[in-house]
Amino acid sequence: MIRVLMESSSWQEDGRCGNEQDLNEIVTGDTWLSSVRKVTQPPSDSVSSVTFSPKANHLVATSWDNQVRCWEIMRNGNVLGSSPKASISHDQPVLCSTWKDDGTTVFSGGCDKQVKMWPLLSGGQAMTVAMHDAPIKEVAWIPEMSLLVTGSWDKTLKYWDTRQPNPVHTQQLPDRCYALTVRHPLMVVGTADRNLIVFNLQSPQTEFKRIMSPLKYQTRCVAAFPDQQGFLVVGLDFLVLLFPPVYLIVGSIEGRVGVHHLDDSQQSKNFTFKCHRDGTEIYSVNSLNFHPVHHTFATAGSDGAYNFWDKDSKQRLKAMSRCSQPIPCSTFNNDGSIFAYSVCYDWSKGAENHNPATAKTYIYLHLPQESEVKGKPRVGTSGRNFNFYPACRLMPNDSVLVLRQKPSRSAFARRSPTATTTGGSTSFDFEVRARATTVDSSGESEIGVDRGDLPQNHAKLAVLSPVPPPLPSSSPARPCWKISSSLGTS
10 MIRVLMESSS WQEDGRCGNE QDLNEIVTGD TWLSSVRKVT QPPSDSVSSV
60 TFSPKANHLV ATSWDNQVRC WEIMRNGNVL GSSPKASISH DQPVLCSTWK
110 DDGTTVFSGG CDKQVKMWPL LSGGQAMTVA MHDAPIKEVA WIPEMSLLVT
160 GSWDKTLKYW DTRQPNPVHT QQLPDRCYAL TVRHPLMVVG TADRNLIVFN
210 LQSPQTEFKR IMSPLKYQTR CVAAFPDQQG FLVVGLDFLV LLFPPVYLIV
260 GSIEGRVGVH HLDDSQQSKN FTFKCHRDGT EIYSVNSLNF HPVHHTFATA
310 GSDGAYNFWD KDSKQRLKAM SRCSQPIPCS TFNNDGSIFA YSVCYDWSKG
360 AENHNPATAK TYIYLHLPQE SEVKGKPRVG TSGRNFNFYP ACRLMPNDSV
410 LVLRQKPSRS AFARRSPTAT TTGGSTSFDF EVRARATTVD SSGESEIGVD
460 RGDLPQNHAK LAVLSPVPPP LPSSSPARPC WKISSSLGTS
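Sequential numbering of the sequence shown, starting at 10, is according to the working numbering.
It should be emphasised that the hints constitute simulated quantities derived from the structure, not laboratory data.
In this text, a Cβ means the ideal position worked out from N, Cα and C, and glycines have one as well.
Hints may be right or wrong, so weigh each one.
Said to hold, decoys possible - Between beta-carbon pairs, the in silico distance windows are:
1. ALA201 - ALA328: 43 to 53 Å
2. SER212 - GLU379: 17 to 27 Å
3. ARG286 - GLN173: 25 to 35 Å
4. ASN87 - HIS178: 40 to 50 Å
5. ALA143 - PRO386: 31 to 41 Å
6. GLN173 - GLU379: 42 to 52 Å
7. GLY133 - ASN175: 20 to 30 Å
8. VAL177 - ARG219: 36 to 46 Å
9. SER53 - MET83: 20 to 30 Å
10. ARG325 - SER53: 28 to 38 Å
11. ARG84 - THR113: 32 to 42 Å
12. GLN101 - ASP184: 15 to 25 Å
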């Protein structure tokens with residue numbers, strides 16, 4: 010059955026989360042009411058997935074009330090509007106959805122063990138195109154193959170030509186499918202029992218690699234890097250794996266995210282950061298979404314917050330105000346100008362903590378500022394002071410100059426190949442990755458680095474050679490040292 014919803018409305022002023030003071034603090038150059046809005050006529054039960062059309066601002070949401078709904082999102086500058094367009098029904102709760110690459114068709118699957126193909130734009134009837142022996146947790150369209158892939162709790166992965174009643178291929182999985190991501194030719198499937206199955210879709214019938222997740226808990230979602238070089242995977246923990254394997258980012262129920270390199274020779278580059286925690290309160294990460302333009306990513310969690318991150322510079326770009334309920338799913342539109350997220354009970358605390366009277370369901374839209382989602386260059390630590398060791402401590406060739414943060418952290422740099430003498434004072438330029446003021450090295454002077462986080466142990470700054478010639482013995486002044494560029498880890 011297809012229901013057509015013709016009501017069109019503008020955003021209501023109560024479409025918000027958190028408190029107004031907090032939300033005003035997170036908006037730069039705009040008011041909160043024009044940057045966050047709620048979708049009208051939301052589902053009556055918790056939302057399980059939200060997806061934007063790859064071609065237009067058509068938003069689809071699946072939910073536990075057995076419905077798949079579509080809205081058209083209108084934008085005029087910072088003014089947003091929504092128009093509920095249509096909906097279809099499943100026999101049981103719907104868990105997942107995806108769009109065909111041309112933006113004409115939606116696929117949805119769930120607890121009724123079937124996938125429905127909904128020709129949304131043409132107004133056609135939904136039809137069943139895939140079946141499993143257990144609920145279908147994940148579905149994805151692969152445009153390069155013109156195939157639909159489905160992952161189920163029946164421990165199988167199936168490829169479907171939607172014109173045929175039977176699957177093109179059935180791939181046995183080691184356990185129930187909990188998560189799936191596709192960026193052709195990369196596909197990653199997360200299953201129960203902490204398995205991560207990597208497929209090269211140029212040979213889809215063969216596992217490329219099977220990885221045992223270092224996380225201690227169930228995988229919740231995965232997201233492939235836009236450049237197909239890796240993926241993010243989240244459980245009650247949080248993991249990023251580069252593919253071909255370069256490093257892992259691993260997070261735990263402690264709300265800490267860590268970068269772990271697979272190459273044993275790169276272990277010194279490991280680092281950690283925290284997310285989705287509030288003091289001693291720890292929350293799971295429920296959703297991962299890469300920005301389609303800047304390739305930064307968003308996380309959303311059971312703490313009711315979403316954050317924007319830059320994995321390359323190892324920075325959180327923006328921490329948003331918390332909502333009063335968890336955020337189980339989120340997504341960017343096709344150009345990254347709109348970020349949609351649902352706010353509802355996610356059942357992480359069980360049925361005993363579910364109160365139907367207060368557990369309302371909302372879908373919000375946020376207009377990201379460029380500063381929130383655009384990656385930033387890697388730089389040094391803001392507002393932190395370092396002791397600058399004098400030139401006499403600089404030994405020839407392999408020795409390093411030490412910048413030591415009080416009391417224990419340190420960074421290292423070599424002198425550059427060039428030296429400049431002005432007014433009897435010799436300056437060396439270091440191609441180290443941190444910006445700072447010029448200081449006199451006749452004593453332990455302090456250098457203030459712009460911003461960013463220094464790694465927990467140390468950061469080795471760029472190695473330069475050859476070492477410049479020694480200072481003239483007749484030089485009346487100690488050399489000055491200038492540091493420029495951005496911070497890098499060893």
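Hints, one by one, checked against the model:
1. ALA201 - ALA328: 43 to 53 Å: Check failed, 32 Å falls outside 43 to 53 Å.
2. SER212 - GLU379: 17 to 27 Å: violated (40 Å)
3. ARG286 - GLN173: 25 to 35 Å: violated (48 Å)
4. ASN87 - HIS178: 40 to 50 Å: holds (47 Å)
5. ALA143 - PRO386: 31 to 41 Å: 48 Å Cβ-Cβ, so the 31 to 41 Å window is violated.
6. GLN173 - GLU379: 42 to 52 Å: holds (45 Å)
7. GLY133 - ASN175: 20 to 30 Å: The hinted range 20 to 30 Å holds for GLY133 and ASN175, with Cβ atoms some 22 Å apart.
8. VAL177 - ARG219: 36 to 46 Å: With a Cβ separation near 22 Å, VAL177 and ARG219 fall outside 36 to 46 Å, so the hint is violated.
9. SER53 - MET83: 20 to 30 Å: holds (24 Å)
10. ARG325 - SER53: 28 to 38 Å: At roughly 34 Å between Cβ atoms, SER53 and ARG325 fall inside 28 to 38 Å, so the hint holds.
11. ARG84 - THR113: 32 to 42 Å: violated (21 Å)
12. GLN101 - ASP184: 15 to 25 Å: At roughly 22 Å between Cβ atoms, ASP184 and GLN101 fall inside 15 to 25 Å, so the hint holds.
Checked against the numbered hints given earlier, the structure breaks hints 1, 2, 3, 5, 8 and 11 and satisfies all the rest.
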